[in-house]
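Undergrad: As they're listed, the protein sequences go chains Z and W.
No gaps in the numbering here: position 20 of the first sequence is 20 in the UniProt record's numbering, and each next residue is one more.
No gaps in the numbering here: position 22 of the second sequence is 22 in the UniProt record's numbering, and each next residue is one more.
By construction, these hints were calculated from the structure, which means they are not laboratory data.
Hints are not guaranteed to be accurate.
[Claimed, not checked] Quick list of simulated restraints, FRET-style, between CB atoms: (1) W:216 <-> Z:221: 39 to 47 Å; (2) W:216 <-> Z:224: 39 to 47 Å; (3) W:116 <-> Z:23: 51 to 59 Å; (4) W:53 <-> Z:11: 19 to 27 Å; (5) Z:23 <-> W:146: 43 to 51 Å; (6) W:116 <-> Z:221: 27 to 35 Å; (7) W:70 <-> Z:13: 46 to 54 Å; (8) Z:130 <-> W:21: 50 to 58 Å; (9) W:40 <-> Z:184: 42 to 50 Å; (10) Z:10 <-> W:40: 34 to 42 Å; (11) W:113 <-> Z:241: 51 to 59 Å; (12) W:40 <-> Z:35: 25 to 33 Å; (13) Z:171 <-> W:65: 47 to 55 Å; (14) W:65 <-> Z:11: 34 to 42 Å.
Heads up, the beta-carbon is just placed ideally off N, CA and C, and yes, glycines get one too.
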Amino acid sequence: MIKLERLTKRFGDTTVLDGIDLEIQQGEIIVVIGPSGTGKSTLLRCLNFLEQPDGGRLTLGPLNLDLTQASKSEILAARRHTAFVFQNYALFANKTALENIAEGLIVVNRWPRAKAHQRAREILERIGMSDKANAYPASLSGGQQQRVGIGRAMAAQAEVILFDEPTSSLDPEWVDEVLALMKQLARERQTMLVVTHEMAFARDVADRVVFMEGGRIVEQGPPSELFHAPQDPRTRDFLRKVLPAAEPL
Amino acid sequence: MSILDLDYMVGLVPILLSYLPLTLGMALAGMALALVLACGLAVIRVLKIPVLNGLTLWFISFFRGTPLLVQLFLFYYGLPQVLSFLTTIDGITATIMGLTLHFSAYMAESIRAAIVGVDRSQTEAALSIGMTNGQLMRRIVLPQATRIAVPTLMNYFIDMIKATSLAFTLGVTELMGATQKEAAGSFLYFEAFITVALIYWAIVEALAWLQRRLESRLNEAYRR
Chain Z
1 MIKLERLTKR
11 FGDTTVLDGI
21 DLEIQQGEII
31 VVIGPSGTGK
41 STLLRCLNFL
51 EQPDGGRLTL
61 GPLNLDLTQA
71 SKSEILAARR
81 HTAFVFQNYA
91 LFANKTALEN
101 IAEGLIVVNR
111 WPRAKAHQRA
121 REILERIGMS
131 DKANAYPASL
141 SGGQQQRVGI
151 GRAMAAQAEV
161 ILFDEPTSSL
171 DPEWVDEVLA
181 LMKQLARERQ
191 TMLVVTHEMA
201 FARDVADRVV
211 FMEGGRIVEQ
221 GPPSELFHAP
231 QDPRTRDFLR
241 KVLPAAEPL
Chain W
1 MSILDLDYMV
11 GLVPILLSYL
21 PLTLGMALAG
31 MALALVLACG
41 LAVIRVLKIP
51 VLNGLTLWFI
61 SFFRGTPLLV
71 QLFLFYYGLP
81 QVLSFLTTID
91 GITATIMGLT
101 LHFSAYMAES
111 IRAAIVGVDR
121 SQTEAALSIG
131 MTNGQLMRRI
141 VLPQATRIAV
151 PTLMNYFIDM
161 IKATSLAFTL
171 GVTELMGATQ
181 KEAAGSFLYF
191 EAFITVALIY
201 WAIVEALAWL
211 QRRLESRLNE
221 AYRR
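Generate the whole structure from the sequences, applying the supplied hints.
TA: Written out as C-alpha cells, the structure is:
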C-alpha cells in the first residue's frame, strides 16, 4: 500500500500541490485527470523525488518518510520502490532497447549482466519487442520507444509505476499500441498511477479516477460514478469540455 | 636547374622525421594534461561551484584572450625572473605547460557544452530508477558527452600539434626548429619550409582520418 499525506509543493510563490492525500492499494489502477497546469505531473514527480516536495509524508513499502527531511539514501530507496514512465520516453540514447531495460538491474540492483539481460529479454517478449532487442532508440518509432520506456519501468519491479502522460507526445498512429500494453499491465494487476488525457482509457481501465484542479483533489471515485454522476461543478465543467458531446462515455 | 631541388627535399625528410617524436610527444603530453584540466574546469562550470566558478571564468578569459606565443614567452622568459623555482624550466616543459593551459581554456568550454547538451530527460530517467549521481555521470551522461565533444576536441588536438612549432622560439629543436637549422645551413629555405609544411599536413590528414573513423563508431547508436 502507498499512502501520501498532505503533500505540498511550491514553485516560488505558486502553490502547485496544496495538501494532497492519496492512498493506493496494491494492484489498484488509478487515473488522474484534470486541466493542464493543475499539478498532476508534479504529483507524480514528487512521489519519485524528481521534484523536492515542500511538505507531507509518504508511506511506501517499508518506507515511512517525512518528505521534507528525506535523506539521500531514503530518496534513493523511494525511487527504487517507484518506476516512472515519461511523456517523451527519455530512453538512454546510447543504449539498445535491451540495455535500456537491463540498465537499472545491472547498475542499481547489481545483478550479473547475464541474469539482467535474461530478464530484459523476457520483458521484451512481454512488450512485443523481441525483434528490436538490439535496436537503438533513434531507430525506433515513438510507440516502440514508449513501450521500451514501459519495459524499463517494469524491470524495476517497483511497488507502483507512475505514468506521466505516456501517450501525449505520440503521433496518433502509435497511441493504441501503448495503451494496449498499459491495459495488459492492468490485467496483470500491476499497481499504476496514470496521468492522462485518454478518457476512454480512464473509463475502461481505472479502478478509481481522481479529478484534480488547482493543486487539490476535487473529487474521486470509480469511473462509472465520476464520469456519469460527477458531484462537483468543476468536475462537470471539465468533463463537458473534454468529452465529445456526440459520444458520451 | 628546376625550381625545386627535389633530391635535397627527399634527403631532408628522414632528418626532419627524427624530430617527429619530440613534436608529437609535446602535443600528446599537452593534450593529456589539457583534457584532465579541462574536465575539471568544465565540471566546476556545470555545477557552478562557488568561488572556483569565478576563478575558472578568469582563467578561461585570460588564456583565451592572449596569444599563445605571449603565454609561452611569459612562462619561459618572464616568470622565472620573479619565481625562483622556475629558473631551471626548460623549453620543452614550458611549451607543454603553455599548450596545456592555453588549450584547456578552450576545451573546458566545449566539454561543458557537451555535458549540458546531453538530453536532460535522460538524467531524470536515470535518477528515477534509483541511480546515484556518480552512476548517472559514468553510465549515461559522460559516454554521450564524449560523442558530442570528440569532433571539437580532435580539432584542438590538431591545432595543438601545429602550435608545438612555436617551441622553436624557446630554443627547442623540434620539427620546426630543425627545419630552420637545416635551411640556414643549405640556404634552400623554400625547399626546407615546403618540406616541413608537407610533413605537418600529412600528420594532420592522418589524424583527420582517425577522427572520421572514431566519430563514425561513436555515432553507431544514433543512426536511424
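Undergrad: Are the hints correct? Go through all of them and say.
TA: Status of the hints after comparison with the structure:
no.: 1; hint: W:216 <-> Z:221: 39 to 47 Å; result: violated (57 Å)
no.: 2; hint: W:216 <-> Z:224: 39 to 47 Å; result: violated (57 Å)
no.: 3; hint: W:116 <-> Z:23: 51 to 59 Å; result: violated (40 Å)
no.: 4; hint: W:53 <-> Z:11: 19 to 27 Å; result: holds (25 Å)
no.: 5; hint: Z:23 <-> W:146: 43 to 51 Å; result: holds (46 Å)
no.: 6; hint: W:116 <-> Z:221: 27 to 35 Å; result: violated (45 Å)
no.: 7; hint: W:70 <-> Z:13: 46 to 54 Å; result: holds (51 Å)
no.: 8; hint: Z:130 <-> W:21: 50 to 58 Å; result: holds (53 Å)
no.: 9; hint: W:40 <-> Z:184: 42 to 50 Å; result: holds (49 Å)
no.: 10; hint: Z:10 <-> W:40: 34 to 42 Å; result: holds (36 Å)
no.: 11; hint: W:113 <-> Z:241: 51 to 59 Å; result: violated (43 Å)
no.: 12; hint: W:40 <-> Z:35: 25 to 33 Å; result: violated (47 Å)
no.: 13; hint: Z:171 <-> W:65: 47 to 55 Å; result: holds (49 Å)
no.: 14; hint: W:65 <-> Z:11: 34 to 42 Å; result: holds (39 Å)
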